[in-house]
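Undergrad: For reference, the chains in residue letters:
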Amino acid sequence: MNWPTFNLLLEGAVVTAGLSAVSVLCGLVLGIAICGASLARTRGPRLFASAYVSFFRGVPLLVQLLLLYHVLPRLGLDLPGIAAAAVGLTLCTAAYQAENLRGGFLNVPAGLIEAGRMVGMTARQIMVRIRAPIALRLTLPSVINEAILILKASSLVSVVGVADLTRTAQNIASSNFRPIETFATAGALYLVLNLAVTGGGDVLGRVLGRGR
Amino acid sequence: MNFGLIRESLPEILQGLAFTMLMWLPGAVLAVAGGLAAAILRHYGGKVIDRILQWLLGIIRGTPFLVQIFLLYYGGPFIGLDLEAPTAGLIGISLYGTAYFAEIIRGGFAAVPRGHVEAASCVGLSRFQTLRRVLLPEVALLILPASVNMLIVLMKETAILSIITVPELTATITGIASLHFAYAEGAFMLALCYWVLTELTGRAGRLLELRLQRFRLA
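The listed protein sequences correspond, in order, to chains W and H.
Taking this note's numbering, I'd label the letters of the first sequence as residues 3 to 214.
Taking this note's numbering, I'd label the letters of the second sequence as residues 19 to 236.
I should point out that these hints are in silico values taken from the structure, not numbers from a laboratory.
No experiment lies behind these values; they were computed from the predicted model shown.
Only true hints are included.
To give an idea of the chain W side of the interface with chain H (calculated C-beta under 8 Å), a few residues: (1) PHE57; (2) PRO62; (3) ALA175; (4) LEU193.
Here are the in silico distance ranges between beta carbons for each label pair: (5) GLU116(W) with ALA202(H): 45 to 55 Å; (6) ASP68(H) with MET123(W): 41 to 51 Å; (7) GLY163(W) with VAL214(H): 23 to 33 Å; (8) GLY83(W) with ARG221(H): 30 to 40 Å; (9) ALA198(W) with ASP68(H): 19 to 29 Å; (10) LEU143(H) with MET120(W): 48 to 58 Å; (11) GLY105(W) with GLN147(H): 31 to 41 Å.
If you want the footprint, here are the derived chain H segments under chain W, 3+ residues with CB under 8 Å: (12) 72-86; (13) 92-102; (14) 180-194; (15) 199-205.
All residues carry an ideal CB built from backbone N, CA and C; glycine is no exception.
Whenever a hint applies, use it, and build me the whole structure from the sequences.
TA: Spelled out as structure tokens, the structure:
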């Protein structure tokens with residue numbers, strides 16, 4: 003493998019990393035909203051949340067992406083490929099992150115919430131100062147996990163024409179007829195990206211764990 | 019939505035579904051077997067084997083399934099491994115599942131209380147007997163929820179095999195959809211089929227968990 007080819011793969015890796023990062027972050031925000039809906043007191047939001055989670059976790063991401071790719075243009079929404087891919091990944095990861103967050107919120111020790119009430123905090127203060135920070139800290143490992151899953155799942159956007167790492171590797175392999183070294187290099191780049199995410203997660207965990 | 023088209027192409031869709039099952043279930047069985055073998059090797063095989071397996075399985079878990087399947091299907095012929103698409107798909111699913119099941123089962127082994135293993139050796143069970151009569155039954159119970167989850171993941175991964183032209187559900191339905199320009203119907207059918215499959219698997223898993231509850235140690 004020569005330098006220009008490797009550089010092409012690196013460019014693909016940058017697209018993959020950027021796309022995954024944007025999707026995981028937007029998915030976290032959307033996931034928080036859906037988690038809020040699933041913990042709501044009224045029935046409507048809860049039903050919506052469970053239907054959302056069931057659909058996006060029950061249907062393969064590839065099918066979701068194909069759906070977006072074919073259905074969005076017919077609704078008159080002509081997004082560029084990479085934006086549609088980001089939307090697809092975001093919608094999917096939001097379902098998983100909502101479930102993880104829900105687990106986090108349910109595992110906040112009841113004693114802490116009672117203590118908050120005892121010292122006269124309002125429900126809002128309890129949410130902002132006690133429940134949310136602890137739930138987020140409890141959820142962090144699964145957010146990192148989800149980031150890795152999305153990093154790998156983002157390879158599927160190659161199918162809807164986004165020039166990510168996998169698509170670039172495919173293009174290279176079909177022109178140089180050396181699929182083994184090309185795809186192996188792409189795989190190695192994915193591994194490096196994953197290691198970076200894991201390392202970043204460890205650092206973040208230490209920072210968030212300080213107030214323990 | 020054109021329900022006539024859906025009714026008309028039902029035989030084809032069922033054939034695709036059968037192919038998905040054919041990739042999924044044997045693939046999952048092989049994955050569990052491979053995962054069990056890997057976990058046992060890592061448990062009993064000594065440090066070197068443990069490290070090598072950890073490294074190999076880590077590579078599989080750290081790279082996208084799509085890249086692995088490309089490597090196998092397009093790279094295979096260059097090293098004399100000329101596989102048909104379904105064979106490559108089945109091998110791919112099995113290897114991918116093996117890496118995850120190995121981790122799940124290893125976690126199960128680690129969660130069995132040491133006292134049980136010591137008790138087994140106290141009453142004179144051999145190593146193999148301990149594995150068969152103490153470790154494996156306990157591990158099976160412990161890993162049931164995670165395994166059902168993994169089964170669902172594997173089922174969804176089979177959709178990716180459509181990219182290397184395995185005629186499974188996704189390939190079949192998108193083929194019909196683009197032939198008739200019926201993308202909405204295709205998308206609807208696809209989502210419905212997979213959603214039903216995952217829900218059924220999830221429910222069967224929970225039912226099994228309830229049935230096995232009575233074997234759980236207090």
